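Asker: Sequence:
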Amino acid sequence: MLEKIRVYLEEHQLIETLHLKRPFTVTFLAQGEYNQNFLISDNENNYVFRLNYGSQLHLANQIKYEYQALKWLERTGRTPKVYYLDDGCQSFSQGLLIMEFLTGQPLDYRKDLSEAAQIFGQIHQQPLDEHAEEIFVKEKDTILFDRVMECQKLLEPVLISDVVPLHAKKQLANALEARQNNSSQQRFFVELDQWSINNTEVNSHNFIIGDKGFLIDWEKPVISHPVQDISQFLASTTTLWRSNLILSQAEKRHFLSRYLDETQAVRESFEEALRIYHPYLMLRALSWSAMAYDSYQKDTKKLKNQEIFKKVSAYLEEDFLRQALKEQIFE
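Here the sequence shown stands for residues 1 to 331, numbered as in the UniProt record's numbering.
Any given hint might turn out to be false.
Said to hold, decoys possible - 30 Å max Cα-Cα, derived DSS-like pairs, lysine-lysine:
| id | residue 1 | residue 2 |
| --- | --- | --- |
| 1 | LYS326 | LYS220 |
| 2 | LYS326 | LYS310 |
| 3 | LYS311 | LYS170 |
| 4 | LYS64 | LYS81 |
No lab work stands behind these hints, which were simulated from the structure alone.
It should be emphasised that the depicted structure is a prediction, and the values quoted were computed from it without experimental measurement.
Build out the structure end to end from the sequences listed, making use of the hints.
Answerer: See the structure below:
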């Protein structure tokens, strides 16, 4: 693969386009559930070469969606710049893009909550223009309905699975029914009419913290109420994902206060949005985990990550699942 990428750069005159100096290197960088990433470097210029293997939004052209999203988001100053798109799938079976490589460390929940609040605030405050309305998937007026539909889809293979534990199937099915019965709360968000670009995948390793902080990995951004990102950022399933910790009530309140200062959002309505939305977010996170567990066990995943398999297995343990499904951000 490394040699194939090198040849691709040569054949498409990208060495000149990207101002790379010879000799340059191509090395493996990271792999998620739906993408492989490689680092192109001449020690002065550094780029991420990203190959796409699937779409969580069920899009026909996932990589173009990411490219367009990153181009729009460049105005925030808090996301990577993107330089190149190839969605023809001829040289590679996958769509690909080339974007800026940002230096820094993953977010540290103990040190970087204020920086995270500023990053979210500067992205969420960006006014939505006509182009944003054209290119982004919209969850306006449907934020709760969309979570229910998403969970139904995720749980289809889970509820008939012979490898997912029976207690997990029962707990998730009961939670799905409860969320369906409460989705009339959607009107709260309709009446607020506050919409912004949400990343929707805000674990600590999707932040790069250096001299300045950035939010990366924009494969499934949507127009929605900003509670979607904030709820996920504070959820136990997110903080445990890569950092193995759960934020204290004081830490969560500190973060929310800094975010509200940044955005000038009204605390009362935002906390009510969190109270309503969080159970839907938790069901989505756990439904995805159960789906991933099932696909790993049945060997149907194109890309595999054993750390992810260990984590989703832990999330399906009976006690954890019970606590997580009734979690609220503030006690």
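Asker: So, for every hint listed, does it hold in this structure?
Answerer: Hints, one by one, checked against the model:
{"no.": "1", "hint": "LYS326 to LYS220", "in the structure": "26 Å, holds"}
{"no.": "2", "hint": "LYS326 to LYS310", "in the structure": "22 Å, holds"}
{"no.": "3", "hint": "LYS311 to LYS170", "in the structure": "20 Å, holds"}
{"no.": "4", "hint": "LYS64 to LYS81", "in the structure": "14 Å, holds"}
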